[in-house]
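Q: The chain contents come next:
Protein chains: 6
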Amino acid sequence: MNFHTRKWVRPEDLNANGTLFGGSLLRWIDDEAVVYAMIQLGNQRIVTKYISEINFRSSAVQGDIIEIGLKATHFGRTSITMSCRVRNIITSEPILTIDTIVFVGLDEFGRPKPHGFTDVTFDRDRFPEGLRNPGR
Amino acid sequence: MNFHTRKWVRPEDLNANGTLFGGSLLRWIDDEAVVYAMIQLGNQRIVTKYISEINFRSSAVQGDIIEIGLKATHFGRTSITMSCRVRNIITSEPILTIDTIVFVGLDEFGRPKPHGFTDVTFDRDRFPEGLRNPGR
Amino acid sequence: MNFHTRKWVRPEDLNANGTLFGGSLLRWIDDEAVVYAMIQLGNQRIVTKYISEINFRSSAVQGDIIEIGLKATHFGRTSITMSCRVRNIITSEPILTIDTIVFVGLDEFGRPKPHGFTDVTFDRDRFPEGLRNPGR
Amino acid sequence: MNFHTRKWVRPEDLNANGTLFGGSLLRWIDDEAVVYAMIQLGNQRIVTKYISEINFRSSAVQGDIIEIGLKATHFGRTSITMSCRVRNIITSEPILTIDTIVFVGLDEFGRPKPHGFTDVTFDRDRFPEGLRNPGR
Amino acid sequence: MNFHTRKWVRPEDLNANGTLFGGSLLRWIDDEAVVYAMIQLGNQRIVTKYISEINFRSSAVQGDIIEIGLKATHFGRTSITMSCRVRNIITSEPILTIDTIVFVGLDEFGRPKPHGFTDVTFDRDRFPEGLRNPGR
Amino acid sequence: MNFHTRKWVRPEDLNANGTLFGGSLLRWIDDEAVVYAMIQLGNQRIVTKYISEINFRSSAVQGDIIEIGLKATHFGRTSITMSCRVRNIITSEPILTIDTIVFVGLDEFGRPKPHGFTDVTFDRDRFPEGLRNPGR
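Residue numbers (our numbering), protein chains in the order written: chain A, 1 to 136; chain B, 1 to 136; chain C, 1 to 136; chain D, 1 to 136; chain E, 1 to 136; chain F, 1 to 136.
Next comes chain A alone, as it looks inside the complex:
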């Protein structure tokens, strides 16, 4: 699992109990996961399709640093499935785990688009030539 994004918990991310607000955390996860899906499918038109159950195991307080880990677990015909783990860097505690998040890549008309990939890339060669050309 790759832990890429780290977030520093700021005052605006807290609930009235002084701990990390669930809604901020879900937004951070979706932000990060959708970018990961874009790179894996070489497509910027990505929509969230499904999120499996979410257990909030512990929280974080102001000033804590959390990191969000994602791992691709399955490539469908037009979709990518990944799992997610969030942990507190300072205390090492797990914050939450999501087994399954499914994103679908769309074509320019908003229809699911077959992507032809079956494994994870560590390069970024999946974006089509038209997008990769600096002269666009």
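The hints are simulated quantities; they were obtained by calculation from the structure and are not laboratory data. Treat the hints with care, as some may be off.
Computed list of lysine-lysine pairs in DSS-like fashion (alpha-carbon distance at most 27 Å, straight line) [stated by the list, open to error]:
| # | chain 1 | residue 1 | chain 2 | residue 2 |
| --- | --- | --- | --- | --- |
| 1 | A | Lys49 | B | Lys71 |
| 2 | F | Lys49 | E | Lys71 |
| 3 | B | Lys113 | B | Lys49 |
| 4 | C | Lys49 | D | Lys113 |
| 5 | B | Lys49 | A | Lys49 |
Only part of the chain D face toward chain C is listed, based on derived beta-carbon distances under 8 Å [claimed, not checked]:
| # | residue |
| --- | --- |
| 6 | Asp30 |
| 7 | Tyr50 |
| 8 | Leu106 |
Even glycine gets a Cβ: it sits at the ideal position worked out from N, Cα and C.
Starting from the known structure of chain A, arrange chains B, C, D, E and F on it as the hints suggest.
A: Below, chains B, C, D, E and F without anything else, positioned relative to chain A:
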């Protein structure tokens, strides 16, 4: 089910497909649900504990108006369980349904706090006197 | 008067006195009122035309929950007039009252557009077929 | 009248008609006016008390630059009254005028605090020594 | 040097040390400087090209008011160069100085566009007629 | 150099030319760099001290994905120095390079605090026991 909050979908809520970004929607739901839990439990110290699986059935485009409905389905000793439906006011389409969201009320030390309620209030008489006194 | 939107007062909504910042409150009201006008006029192109005087009677502190109430009071040829009351759910105190807010519905060229309505709807049948059609 | 703050109208400030959203504008005005009141009263604990009626005369589109002008018109015992004009720098059109905005300065207990000023300062010597001392 | 924009330091602008976060400050400066460049070049298509070294000399705490000063120092063929000073209004301390910020004006195809100006304007007569016409 | 944070360029990050706004980019960099400094110094009280000159070499458009790379280059007695590179994942173009960013770690009184580290950690064992203990 009470549909309270309505949101107008603005440019900053869109993904690259021009449809409502999943992360914005989850944040709106949690924002709304936590306030509903505060009122039902008479407690501002509310944390998100569990969210069941989420199916994104359709989306919304810029300028659409969505509304978020919540219904309390169970009162535990320290928790409240609710279900959620989001729909597009203009097209009438369902956007997503979440069967179960669980919030827990905490005391001032961050421990789960028994609330003693077993049914939904339509008044706002659950906040303790100390908070209700304008002279605080 | 319908009280729809509830807001939980968060750290970023406070002024240096630790009370709800007037600018945040005015933005919340306009956000909510413009959506109400959209539904009543069946038109997403709504602009704020006039706001009558605003008395800030009391405020709210962090963690308070406020609710915003709106009532349509008049339908003009191209406009809708409403009144607004904001109150603190926890203390029951009124926060402010605005007697008159006027919104105008525009056509696609930005000109005032007659709407033909004279009373409040509780359905959402005022949006034209083109917008209501899921296949748009 | 001093025109200090200029704002560039960005996508997130637009309504569905593609013009400047009233709520964004009111928030900008209150942000700017409260800072002006802080400087004139030498007090950071400033609350908005009253805003007279607001006529939205014209609007602005994305990319326009607007400027917000404020002028102190009266010093009460604990308050300051100002007027406000907003105009579009590019088209020179007036956007709105507010005759009267009243702010009150508070003491550390949240009570109105006499300020002793009767005219506008162009220096910033009104903040008490304790705040001005870099060693605080 | 003209000091136009003033900012009140709010909770969301603070780092974990309780002082003004460097990233917020840099964003405020760029926001302000780009609007100043738009007015001086009569062009809304302005991009940041170069920023010289930045020394953070002191900071500010919550409730402080800072002001941002900008002065045009050079007009290139397609560019404008300015210097920037930020100071704390309350304590009079300098916060940072940037000797050189360069912006370039672009044409509708994103190419550098000669502007023909060699000195600072205090009027706003540099925007072309098409933009200045209220009937656009 | 480690490339951790990826950002998807959204409408609110664009200037009037439709390219990535410099101020958004600088804020993202400072956000990311300060978290990296926190982990390397085992200290949440981190302030930005110095940023060397910044050349904006190319930009990015809406929907592009950029990544931000950071490398620690020097450990001072109370400071950490790093360099930064930002590139466009899709086009592979470099967006900007900053040779030197200096952060200082502070103690609880806001004074520079010796940290005792001389090399980069890939573990997160630098936070003191008091912070690492989940029972805090």
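Q: Run every hint past the structure and note whether it holds.
A: Consistency of the hints with the structure:
1. Taken as a hint, the Lys49 of chain A and Lys71 of chain B pair is honoured in the structure, with Cα atoms around 23 Å apart against an allowance of 27 Å.
2. Restraint check: the Cα-Cα separation between Lys49 of chain F and Lys71 of chain E comes to about 23 Å, which is no more than 27 Å; the hinted pair holds.
3. Restraint check for Lys113 of chain B and Lys49 of chain B: satisfied, since their Cα atoms lie roughly 14 Å apart, inside the 27 Å limit.
4. A threshold of 27 Å between alpha carbons decides the hint, and for Lys49 of chain C with Lys113 of chain D the separation of about 36 Å lies outside it, so the pair is violated.
5. Proposed proximity of Lys49 of chain B and Lys49 of chain A is supported: the alpha carbons are some 22 Å apart, at most 27 Å.
6. Because the beta carbon of Asp30 of chain D sits about 3 Å from the nearest beta carbon in chain C, less than 8 Å, this interface hint is met.
7. Interface hint at Tyr50 of chain D: satisfied, since its Cβ lies 6 Å from the closest Cβ of chain C, which is below the 8 Å cut-off.
8. A least Cβ separation of about 5 Å between Leu106 of chain D and chain C falls short of the 8 Å threshold, and the interface hint therefore holds.
Hint compliance for this structure: hint 4 is the single one not met.
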